[in-house]
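K.L.:
From just these sequences and the hints, can you work out the full model?
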Amino acid sequence: MQNLPAILLESSPVSLNPVTSTDLLAILPVLILLGTGAVVLVMDLFQSVPAGEGETRKPVLHFLSILGAVIAGAQICGALAAPDTGATSFFRDALRIDKFSLAMSLLIVLGAAFSLLGAADTLRRRGLEHGEFHALILFSAASMILFTQSASLIMAFLSLETLSMSVYVLTAYTREEKRSNEGALKYFILGSLSTGFLLLGLVFIYGATRSTNLVEIEAALRGGGANLDSPLLLCGLALTLIGLSFKIGAFPFHSWLPDAYEGALSIVTGFMAVTVKVASFAVLLRLALLFGSTPSAGTIGAELHASLTAALSTLAVLTMVFGNVVALVQRSLKRMLAYSAIAHTGYLLVGVITAMEAKRSGLAAGTGAGQAVLFYLFPYALMTLGAFTCMSYLGRGTEDCESLESYRGLGRQQPVLALGILLLMISFAGIPPTAGFWGKLLIFRQAIDTGHWGLALTGIVTSVVSVYYYLSVVVNMYMQPGGENEPLSTEPRTCGKLAILLTVGAVAIVGLLPDTFFRLSMAYSLR
Amino acid sequence: MECTLRPYLPIAVYGALVLGTGFSLTLASSIFGPRVRRLEKESTYECGSLPLGSSRERFSVKFYLVAILFVLFDIETVFLVPWAVVYRSMGLFGLLEMLAFMGILLLGFVYAWKRGGFDWE
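For the protein sequence lines, the chains are A and B, in the order given.
If you count by this note's numbering, then the first sequence holds residues 512 to 1038, one letter each, in order.
If you count by this note's numbering, then the second sequence holds residues 1368 to 1488, one letter each, in order.
Please keep in mind that the hints were generated in silico from the structure rather than gathered at the bench.
There may be inaccurate statements among the hints.
[As the list claims (entries may be wrong)] Taking lysine-lysine and the DSS-like style, the derived pairs with C-alpha atoms no more than 27 Å apart in a straight line are:
#	chain 1	residue 1	chain 2	residue 2
1	B	Lys1481	B	Lys1429
2	B	Lys1429	A	Lys697
3	A	Lys689	A	Lys845
4	A	Lys689	B	Lys1429
P.N.:
Take a look at the structure:
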């Protein structure tokens, strides 16, 4: 009996009022997102639909949901700008809010806001303007914020499930389309499987450390190997890593990703590629630093560090090589961007490894770990959102044009749209004065500094390979004669123009002023 | 390891008993029981309505909707009953929490109603 965890043996008195107003104030952005989602959902039920041809039929729907996301974003910005008081726990240590989780939350809200902004035109064109779309985006963004801020394993699992459910439904949003259903079903089945792995991993971690709370787990690790069951802990970590790898789409666990990304609406694909990845990497980085870099009294710390580094390095190399090589042979732009999303996961994994190494070898006072991941994710989010928003305008009627050949002559037809895609593609490829270049530079630089030459070399070589497929889009747009299949693109309206302009503009600004954003990512890195 | 598994010994004994009883009874009835092979004996239901066809056929997705809506109200009851038991000791706080919970469920109810979740056709 003495081996049972303490929580089962002692009957702790339950206080009647566990939630205080400070708790609720701390998750105000989440509450705003959830509230807006609910209001939009119910409002749409009572809205009569005037059959106006070519007009946005439900402008209030778009306006309200974007407004909610913007207010939540402003709230998070305010919290970010406030003086740093370290991490604070809320809801009896279920949530832990620090600058890092706030910065990640801001990226998530940014992704939601831009997706809603860009979605207005696509939804109208396809006759899919329902409150469910906006509500699902807002609900999943809310649970992603809780996921990045969760400080207990149970909270992390619950919020991951909630966000996954919303994203599964969003993938199947165009329910008349066969491939959309196919992608969503694959995503759902493999996602459920990965959930099983993750849950079992969390259970093992709990069994080994006797706690579900990350702070208490850290204390147990620092305490040394006496009461830690090392094979159990390693097993748990491996299973958790597999579960999270499904979500970020790392190589052997990526098989759902191209189909889900191809089947979903372009806007939804952009939303998934940005926000799910940001949230999952926030948690992965936190767990990797917790288990891989905590100095412990016994040998357990070194053991965990070695195993985690080996596992993550293998994943990173395989993901970078696979994503970039398979993207080379894709004939559809959407699929190509899906494989490139896999490749970017590989680069980000290198960032996680270097953060682990940096934290372990001791940080200078006032700096944190993981600034490379943060610095990479910001332009990556903007580029992905911009690219998929641009893509949502290229199509005939309700059908998207996705093959690379169909973009021939776009440079003449839609010079502004083509210029936007050009800038985003060279930034994706990482050609020097762009945002994508600075992100990659920082990650590979840190990999070399921490002695991971192999990872840096793989990253650089595969980035060079990636230039080919990113630029083949540009070649098709500008340098190929437009054949008989002229691309019929629809003209972006105010919302869409704003979304494209803002994302492309922000990518250009990050490219020109990397110092400012580097300083910001240093300030918001994980302590 | 012996120490940690010791408390589970009664469960193992219980499991062995359950499996043993089940298997031995089935075995005994198949050895000693009389065999009658007639048309009624071989049909799906010995008494009652005759089956119309195979039960492994596609059926309407509407049934799933009914099942999901049932879960909605089921969960409500599951939480209402324990709350009613401790109603006095929970006081106003319990009432407000319950109202918030039921408000969220009501939202789902209104949504299902307006979207036509209760229309069969």
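K.L.:
Compare the structure with each hint and give your call.
P.N.:
Do the hints match the structure? See the list:
1. B:Lys1481 / B:Lys1429: 16 Å, holds
2. B:Lys1429 / A:Lys697: 23 Å, holds
3. A:Lys689 / A:Lys845: 16 Å, holds
4. A:Lys689 / B:Lys1429: Holds. Lys689 of chain A to Lys1429 of chain B sits at ~20 Å (cutoff 27 Å).
This entry satisfies every hint, going by the numbered hints stated previously.
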